[in-house]
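> If you want the building blocks of each chain, they are given just below.
2 protein chains.
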Amino acid sequence: MRRDRLLLVGTFTAIFLADFYFVLFPKLLHRVQGPGEDCLCPSSRGTNLTLAGNSALVTPWLSNTSIYLEAMEVRATNESAEWGSKLGRLFAHPLYNIQIPELGLKEQLLQSEELMGYYRRKVSRWERHMKLYSEAAAAVNVTVLGNQVTFDPEASWLKFHLGINRYALYARDDPAIPRLLQDMQAATVISADYTQDEKALKGACDCSQVVKPSGHHLKLAMKLQNFGKAMFKPMRQLREQETPDDVFYFVDFQRHNAEIAAFHLDRILDFRRVPPVVGRLVNLTRDVLQSTVNEDLRSVFFTSPANNTCFFAKCLYVCKTEYAVCGRPDLLEGSMSAYLPGLSIAPRISIPNPWIRSYTFTGKEEWEVNPFFCDNIKQIYPYNSGNRLLNIMDMAIFDFLMGNMDRHHYEIFTKFGDDGFLLHFDNARGFGKHSHDEMSILAPLSQCCIIKRSTLLRLQLLHQDHYRLSDVMRESLGQDTLEPILTEPHLQALDRRLQRVLKTVQRCVRRLGQAQVITTDFIDSAVMPDTVHAVAASNKER
Amino acid sequence: MRRDRLLLVGTFTAIFLADFYFVLFPKLLHRVQGPGEDCLCPSSRGTNLTLAGNSALVTPWLSNTSIYLEAMEVRATNESAEWGSKLGRLFAHPLYNIQIPELGLKEQLLQSEELMGYYRRKVSRWERHMKLYSEAAAAVNVTVLGNQVTFDPEASWLKFHLGINRYALYARDDPAIPRLLQDMQAATVISADYTQDEKALKGACDCSQVVKPSGHHLKLAMKLQNFGKAMFKPMRQLREQETPDDVFYFVDFQRHNAEIAAFHLDRILDFRRVPPVVGRLVNLTRDVLQSTVNEDLRSVFFTSPANNTCFFAKCLYVCKTEYAVCGRPDLLEGSMSAYLPGLSIAPRISIPNPWIRSYTFTGKEEWEVNPFFCDNIKQIYPYNSGNRLLNIMDMAIFDFLMGNMDRHHYEIFTKFGDDGFLLHFDNARGFGKHSHDEMSILAPLSQCCIIKRSTLLRLQLLHQDHYRLSDVMRESLGQDTLEPILTEPHLQALDRRLQRVLKTVQRCVRRLGQAQVITTDFIDSAVMPDTVHAVAASNKER
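Protein chains in written order, with full-length UniProt numbering: chain E, 1 to 542; chain F, 1 to 542.
Since the hints were made in silico from the structure, they are not lab data. Just so you know, even glycine gets a beta-carbon here, dropped at the ideal spot from N, CA and C. It is possible that part of the hints are untrue.
[Stated by the list, open to error] A few chain F residues facing chain E, derived, Cβ under 7 Å: (1) Asp245; (2) Asp246; (3) Phe248; (4) Asn308; (5) Phe361.
Isolated chain E (complex conformation) (with noise of 0.2 Å):
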């Protein structure tokens, strides 16, 4: 009890700090200086709006900020003298170095002894079967590639997954993600094979899911040398390419550079909810046919017209190959994302999205016709208590930048109960479309009107010429050997689009006042007593 209440007393510590940064001091200088030059938000400028709850002061929206935040930043850049850069700032920045207090067993997906435990039992299974097929494949004189697996207690993604906590999926300086990242992109792959949804569907086309269409069984899953697994989907569409107006999101095109772009999102934003993802080109000769011991996934291999190496949808053979994706002549480029635990060690429950969408052409769900529905989702459990329908709108803000209208499902650990966060598993059908903004997407924030407060500095954060999302965004892809990632095009439209969901936040708060939209993060829940020392003990981490 006391630890808690001494955890509060931190939470509320920091509150009133960023409280002090971006609105009480603001305001003064405002007053002795006038409206600054550099105001984002023009057509807001001078409104009296209160962002922070804590705060007696009024202030105007997102005026000035930047002033204060440039200072910050250069006690930042002292700080962390290795960043010359905007991410580096950004990463350096106060509201990024928030720390988590230390954690409990409870608080951590797994257990060390637990996941080594099962690691070596698994490899211990693949030696045996890969000694089994050896012999079966010597006897029919096919060679198999002799690849061996190294048993390695270091291994990034083994290190990924005993990072994976109650509050994200792994730490802001976690060494290990750049680790995974690397061993993704480049380590050798010893086995490819159809994932596990693929297997279920034994080779049918499930027509009566139209949630799952095409593209969907191109994608492989990937061992790595040291026992890690990612899943490969492969590149279907040039980076230029728009997706055509007449086409629905769910038959759209999976993009690999979307599921790159995503990860890199998430992590910008500090959601880090996103297992790490990264391209690689793939040789679909060594690393997919001679490495995979399915029948199935080999027989969909052929030399095209033009003497590449090629693959095509499985369910859909013979009639389809233009479903087909092909090297050149063998290499292809592709998304590599991290395996999440096993479900027999780390169960997951996937939950619909209440913002769902019809995945008919005509149908239309509740949410699209009734502007009262949030009132409703309000009442109902889950989303009536805890951080729930806070990490929906979290969600929506981050599919609403992508572009992606294919939220039909959302994951989260059963071990953390329903205050989890929720995992942003798939996003390959984002950054579709530069050129418009689907403002349906950010229903959730413009029907509910609330937001968490920490999700809400950061995007303003964001909004600032000093951190400006698409800048951010285009230095930290341009880490991945693929890039560039995505076009100017799509980073120009991230801006476009923050723009769009401050404004709609600021709306809210205009028609509610502040207190009813901005929350304060980790609300005390029922369902979860501990939640409350959630994001407490704002020290900076350095």
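Given chain E's structure and the hints, the job is docking chain F onto it.
Leaving out everything else, chain F in the frame of chain E:
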């Protein structure tokens, strides 16, 4: 017998006159003037090959012919003053004015009374059906467009069907053809439905039939107000888009503009074996959705996210809206190909092309690996006598010019027996790549080394500046309302490919001598003794 002898004399006179124009006279002038400046085939200039079997003189390959054709052209232009164009000049050329002998009953596909009876029965059946359907529709409150059929004994499609004879689908100057094109382009559509092929599939995806993949299912049979019938193939690809190198010919899109261009090319080559085709801007809502009584067809219509009217391939229902085509918002370009008379009154047979491709990823057909393939074919019925093999050469040249690799079968009218002309059906996979000349399409010609003299003479004419194939095609295609039908690179490719055809013939002549290679048309055939009369009497039409 007397008539036969007269025709024989006429034929030889015609051939001698043509030889005089193209060979003897040029040769004499060549000796006087030296090689002409406008020789079109410099690489072969001065080779001593004869084109004409009847002339004892040798002639340089193609050299100087244009000078004499020019002289002929002046006359032709004077004779047909309405032609102020290359296309007019071409069609006024003596080679395009060789008259066929008066037709016996056996040489016409249909008799007028027979066709009129058929037509009357069809119209009354239609009226009966529409009455029943209207009553049924009224009972369930569905509105049906009350399209009235007009019985018109002068209808253009009737005239087209009546004009089909053993030599071609239509006469060069048949006034019914421009009327038919006009009707298909603008007349009211009274019904739309799947084609018979489609209906035979009953909506199932016949995956074993690699030959008939996607695209197939988007074509529709349209009935016009005067009971004419046309096959509609919608636009699926922009004219600027080239078929990707990795796409196999048998899964390539079907192109509406290729269908249109093929009709014009076939007419310019004077084959007249492609049923008339014209471009039309179809109103998907009015001309298809509201005109069909087929519930299956209605069920594949939907409104796209961009509010356009779309429909998609039947057998791929639910899973595959990527296969949809959409209007803007209702209007969609397409090709309208005239139907031939029904199989019940004018039966046809479909015969596999001896140079068929494998339609699998890896298979090779015999002609691809056996350089003596044609020697075998020449021994086999029906290619061992008559015109059949020469007709295959014409088809190969036609397909090579278009880049059409998808000629798996050809059809002939049973009435005209084995020496009947081959129908050049289904040309929608032509004109896919302008930047590539697929030499394997010419395999019949390069392996058999035979060609009809009349075909060769026309190809040589179209290789001249004054009749240049690309120019006459551009002009001819300019008559279509959907112009431009082909992009410039596709038109340029025609000239380049024509030169390759001529070079292939040249190589054959060099190897085997012209007597072996260049064959006088309509050889007396044991199977069809009447054919000896064909293309006799080369008196000009005007």
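> Now tell me if each hint is right for this structure.
Now for the hints, and whether the structure bears them out:
About 4 Å separates the beta-carbon of F/Asp245 from the nearest beta-carbon of chain E, less than 7 Å, and the hint is met. Annotation: F/Asp246 was flagged as interfacial toward chain E, and the flag holds, the nearest CB pair being 4 Å apart, inside 7 Å. The beta carbon of F/Phe248 is positioned within 7 Å of a beta carbon in chain E (closest approach about 6 Å), and the interface hint is therefore held. For F/Asn308, the interface hint holds, the least distance from its beta-carbon to any beta-carbon of chain E being 6 Å, beneath 7 Å.
Look at F/Phe361: its Cβ gets to within about 4 Å of chain E, closer than 7 Å, so that hint holds up.
The structure fails none of the hints (numbered hints given earlier).
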